[in-house]
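**Q** Place chain B on chain A using the hints.
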Amino acid sequence: MERKNIVTAPQLFSLFFLCNIIIGITYNLPMAKSIGILDHILSAIAALFINILLIFPIYKIYKINPNINIVDNCIKNFKKIGIIFLIIYGVYYIFVCCYMLSLFNIFVRDIVDPDISLFMLTFCVILGSSYAACKGIEGIARACSIILFIICLAIVFIIFTIIPQIDFMNYTPLLFNGPNDFINGIFYLTSLSFYIPLAATLLPVVKSGAKKVLIATNTVTYILFAIVIIIIAGALGDYLKTQTFQIYEATSTAEIGVFKRLDAIYLGIFTSGLFITVSLFLFAFFLVIKKILGVKRNKLIIFFADIFLLVISLILPEFEEISCFFYDTKFIFVFTFLTSFVIPTTILLKYKLNLKWRND
Amino acid sequence: MKVKNMFILLELILVCFLPGCSKVSGLDEQLIVYGIGIDNSEGIYELSVQAIDIKNNSESSSKEAQKKLTTISSKAPSLIEAEKQIENQSGKKMLYSHALILIIGEQTAKNGITDIVKFFSTNHKLRPTVEVLISNISAKDILANEKGENNSEDILALTKVGKENNDAINSNLRYILGDINDNLKAEKVWYLEYNEGQMCCEKISILKNSKLINILDDDDTKGAILCFGKAKNICDNIKINDKEIYYEINKAKANINFSVEKGKPIFYVSVLVTMNLYNLDNNISNEEVKPLIEKRLSNLIKNTINFCIKENNCDIFNFNKHIIKANADFFKANLNRIENIVASAEYDINVSTKIRYLGPNQDISALVY
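Those protein sequence lines, which keep their order, are chains A and B. For the first sequence, our numbering begins at 850 and goes up steadily by one. For the second sequence, our numbering begins at 286 and goes up steadily by one.
Don't take each hint at face value.
[What the hints assert, rightly or not] Calculated pairs, SDA-like style, for lysine to any residue (alpha carbon to alpha carbon, straight line, at most 25 Å):
1. A:Lys1056 - A:Phe905
2. B:Lys403 - A:Asp962
3. B:Lys403 - A:Thr1102
4. B:Lys610 - A:Thr1091
5. A:Lys1139 - B:Asn635
6. B:Lys610 - A:Gly1083
7. A:Lys1139 - A:Gly988
8. B:Lys410 - A:Gly1143
9. B:Lys488 - B:Glu478
10. B:Lys610 - A:Ile960
11. B:Lys610 - A:Ile894
12. B:Lys410 - A:Leu1024
13. B:Lys403 - A:Gly1143
14. B:Lys549 - B:Lys496
15. B:Lys403 - A:Phe1190
16. A:Lys1061 - A:Leu1187
17. A:Lys1056 - A:Phe1190
18. A:Lys1148 - B:Lys289
19. B:Lys538 - A:Ile1012
20. A:Lys1148 - B:Lys610
21. A:Lys1090 - B:Lys610
22. A:Lys1090 - B:Thr355
23. A:Lys1179 - A:Asn1029
24. B:Lys515 - A:Asp1087
25. B:Lys538 - A:Gly1083
26. B:Lys287 - A:Cys983
27. B:Lys289 - A:Gly1143
[What the hints assert, rightly or not] Among the chain B residues that face chain A by a calculated CB cut under 8 Å, a handful are:
28. Asn290
29. Phe292
30. Glu296
31. Arg459
32. Tyr460
33. Asn466
34. Asn468
35. Lys606
[Stated by the list, open to error] With the Cβ distance kept under 10 Å, some of the chain A side facing chain B (calculated, not the full set):
36. Asp921
37. Ile933
38. Asp962
39. Phe1017
40. Tyr1020
FYI, nobody ran anything at the bench for these hints, they're computed from the structure. Predicted, not measured: the structure shown is a model, and the values here were computed from it. The beta carbon of each residue, even a glycine, is placed where N, CA and C say it ideally should be.
Looking at chain B on its own, in the form it has when it is part of the complex:
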């Protein structure tokens, strides 16, 4: 019985304590990273990390909502060396599990992001849900803002506000990693703009073979989000009879079909948009405004498709997957020239709207839809 009890005790000690004690790092010995910034100039990586300043946080009042952050940077020929340098500078071990964003400078992205994405995707602690962004200035300048405004949580919030499912274009690490490995796909990443203290994230950058190709302008970004069928809170306006009409999209649902007609590949893109309409009066009839809005939205989508696919050869919409779904045999038979087929295809865009009229005009607002 004694031997048995001793055995149980030993087992409990081993299970409860010993594995935890081996190579453990305390919280104050770790650099808890919130944001990561990468720049590369002439083959030298500059890694910047925005981390919690544990010392200042513990000293500050608990009522202070804002976390105190500190940004540390280092330059090295490889990311792993830069990481080690930061660990040596801070005397702490990097902990990526709380990282929210990965910012890559525009110039760096033009040379390709494969190495960066793969390096971080193989890090054991970094979550695949980390949001990836490309910035118009260097990533270090975005993170190391002395005003303390650009903390990683705020930057992440910029990519979420107004986007359905909080991620309209899926620009996190796992999607990018999936896209990089598929030659037919093009990656899409939020573009972060910083101008005179103002920061916004309303444009999409498009990449091909992991290299930054171009940036969609405001209208093209709207068209892209509509085509993804995830649009929410997109605001736009049209002019009718010298009068500005404003509308806000609540929801968009896209449906894409593919067929080959008389040897010509055609993609049928139909989008159903639900929207609120403002500033309408009796002088403009329903029949007049609806087709105009639908035409405007169709043009937005058409221009975006032209820009991405025809001009830049970046299939960010995964039209090639629609070919597989519609006609797998056709896809297999034309595997080597799928990119050409997508680029030369005809795009038939059809937008239908469900309009909710808002405003004081009772004659119209009573007619919901």
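One chain only, chain A, in its complex shape:
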């Protein structure tokens, strides 16, 4: 039951932060059901504080026993009923993988190049991610450090080449179109806080400083997001309203001197980030499955999970009937809220009740 502490706090921060950056690249206004992007600056600030509340129960559980994760806690506190919670977590982690891969496929098909073989792209990412997940968190964390460094370089380059293009006339007063964009933005950004349910499983792998990791991830992510929104809204203005993936669009206009048309390079960098993110959620999924089915059937489950992931992520971009449900912000929000707040709070309450009964 006890787990080895094998990852340092900066490594865990890198994992969570990279995960959030990759989610941010496919950030889009249609899913956020918003017209303007500027109100999302306020949404990001609000989401920052909401996430602190959402993180609290998971951190509290971790503090009670830093060596066991939510998977073990479910069984420990609820015995067999805990398996229901584990199934929910398992489905959530696989859902996030499907969501990210399928959205990435839509992104590649619609924005980058319709001729790219989505099957090969997805197949390779899943194969690589699955292998990395089987090898364990330590390998993923090391690969993540290198990829995050390259991604940070790319982000700095994009930001500094976009800043001179800022036109202050592109800034309209905040909440100009009413509070709808702001509220929808909060729902959207909070629903994409996939790292919180992930932290529920991964926190025990960190040697020390879990609190700092959570605070730093939350703060840096949303501050960076707000800065990026301010810059791209100022530089790209009304053009953003015509585009699907607003943040990625900045890469096609970021150029300085001979450094032009670099979006293909950014795509390569971001794909490597996707590989880390998917492997991270697959790793969390495998931990859950191991607990439910035992180590013996582990490999079979991994195989079926990969096939499922491949099929779903290829089917979703083709069928609107299924994808509209998958990309519904309300559904994602409820699912994220359930796994990051409701289940951990239930476990926490059960633990407190058990403690009370034992003392009585």
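**A** For chain B alone, coordinates are given in the frame of chain A:
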């Protein structure tokens, strides 16, 4: 261990080779487009593309700086059909990622450019930074010049020379696409003139609802660029006491404010201009020349605003956005008649200059500013 190594090898092969091999086109199988020209006559599109002639380029000496270009045209009822025809003619797949300019013929622009801009903006490979121009003759005639002078790089350079930040009026695809979707805005695009072998790009064409409305003359273009606050290298002259005085603007910074005074909307346009002054002598004093230049520049801006907004109802300056910034409640309350408000508003123009006197006259040139 063997299984593990095999797995790693398979993964490497897949990642490195297979995705790249699927549906790939070699460089010699692609038509690398540098310039795009569109004309439309009686519902038939004529698409002209200026592309690199790979065969001739590879045969020519590497010391030859000029790229050998070839222009291919085709006519079809839609742009996508015209594109396919060119691909069939050349046997190559179009590659737009290197395109620099998109030229639209004047007659075509009068009927609207929305379809053209949207078609190219949805092309996956075309960059949103492609410069859009409207030409006085057909786009095909601009590109298909047998002298080889009108290559796309040279045409692009014409839109950049002397303009601050290399793009004084933002006439590239992304700005136009943003403007087309906003009913209150009017688009502004560089106007390319070709006369007897000479080409110049010194005028601005104004569009409303994506249709070409009018062309600003030289003075109005100067006024517009001054009002945008991006003027650089604009040359002008005034006559004082029968003597021509020349000046060259180095920099202009515009500041626009809006207020409603006694129910009357007023825009305060203040422009700070830094300039070099030539051909001045002791007979003309500083006090005499400064107000005259400021008056001249004020008139340039005033005339341009009158021409664009009052006569043609084209708010290329985005005055409506200044209303939002200054008084968002007023904007919301008058959303349906913002165009009328902008057209009927009073424009108070104030130009102040920082003059650097150049020339041999030491008495004056010593007094910098």
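**Q** Give a verdict on every hint.
**A** Here is what the structure says about each hint:
{"no.": "1", "hint": "A:Lys1056 - A:Phe905", "result": "holds, 19 Å"}
{"no.": "2", "hint": "B:Lys403 - A:Asp962", "result": "holds, 17 Å"}
{"no.": "3", "hint": "B:Lys403 - A:Thr1102", "result": "holds, 18 Å"}
{"no.": "4", "hint": "B:Lys610 - A:Thr1091", "result": "holds, 22 Å"}
{"no.": "5", "hint": "A:Lys1139 - B:Asn635", "result": "violated, 75 Å"}
{"no.": "6", "hint": "B:Lys610 - A:Gly1083", "result": "holds, 14 Å"}
{"no.": "7", "hint": "A:Lys1139 - A:Gly988", "result": "holds, 19 Å"}
{"no.": "8", "hint": "B:Lys410 - A:Gly1143", "result": "violated, 49 Å"}
{"no.": "9", "hint": "B:Lys488 - B:Glu478", "result": "holds, 8 Å"}
{"no.": "10", "hint": "B:Lys610 - A:Ile960", "result": "violated, 33 Å"}
{"no.": "11", "hint": "B:Lys610 - A:Ile894", "result": "holds, 23 Å"}
{"no.": "12", "hint": "B:Lys410 - A:Leu1024", "result": "violated, 35 Å"}
{"no.": "13", "hint": "B:Lys403 - A:Gly1143", "result": "violated, 55 Å"}
{"no.": "14", "hint": "B:Lys549 - B:Lys496", "result": "violated, 31 Å"}
{"no.": "15", "hint": "B:Lys403 - A:Phe1190", "result": "violated, 45 Å"}
{"no.": "16", "hint": "A:Lys1061 - A:Leu1187", "result": "holds, 24 Å"}
{"no.": "17", "hint": "A:Lys1056 - A:Phe1190", "result": "holds, 24 Å"}
{"no.": "18", "hint": "A:Lys1148 - B:Lys289", "result": "holds, 14 Å"}
{"no.": "19", "hint": "B:Lys538 - A:Ile1012", "result": "holds, 19 Å"}
{"no.": "20", "hint": "A:Lys1148 - B:Lys610", "result": "violated, 61 Å"}
{"no.": "21", "hint": "A:Lys1090 - B:Lys610", "result": "holds, 19 Å"}
{"no.": "22", "hint": "A:Lys1090 - B:Thr355", "result": "violated, 36 Å"}
{"no.": "23", "hint": "A:Lys1179 - A:Asn1029", "result": "holds, 14 Å"}
{"no.": "24", "hint": "B:Lys515 - A:Asp1087", "result": "holds, 20 Å"}
{"no.": "25", "hint": "B:Lys538 - A:Gly1083", "result": "holds, 18 Å"}
{"no.": "26", "hint": "B:Lys287 - A:Cys983", "result": "holds, 17 Å"}
{"no.": "27", "hint": "B:Lys289 - A:Gly1143", "result": "holds, 23 Å"}
{"no.": "28", "hint": "Asn290", "result": "violated, 12 Å"}
{"no.": "29", "hint": "Phe292", "result": "holds, 7 Å"}
{"no.": "30", "hint": "Glu296", "result": "holds, 6 Å"}
{"no.": "31", "hint": "Arg459", "result": "holds, 4 Å"}
{"no.": "32", "hint": "Tyr460", "result": "holds, 7 Å"}
{"no.": "33", "hint": "Asn466", "result": "holds, 6 Å"}
{"no.": "34", "hint": "Asn468", "result": "violated, 12 Å"}
{"no.": "35", "hint": "Lys606", "result": "holds, 5 Å"}
{"no.": "36", "hint": "Asp921", "result": "violated, 29 Å"}
{"no.": "37", "hint": "Ile933", "result": "violated, 35 Å"}
{"no.": "38", "hint": "Asp962", "result": "holds, 5 Å"}
{"no.": "39", "hint": "Phe1017", "result": "holds, 9 Å"}
{"no.": "40", "hint": "Tyr1020", "result": "holds, 8 Å"}
Going down the numbered hints, you'll see the structure goes against 5, 8, 10, 12, 13, 14, 15, 20, 22, 28, 34, 36 and 37, while the others check out.
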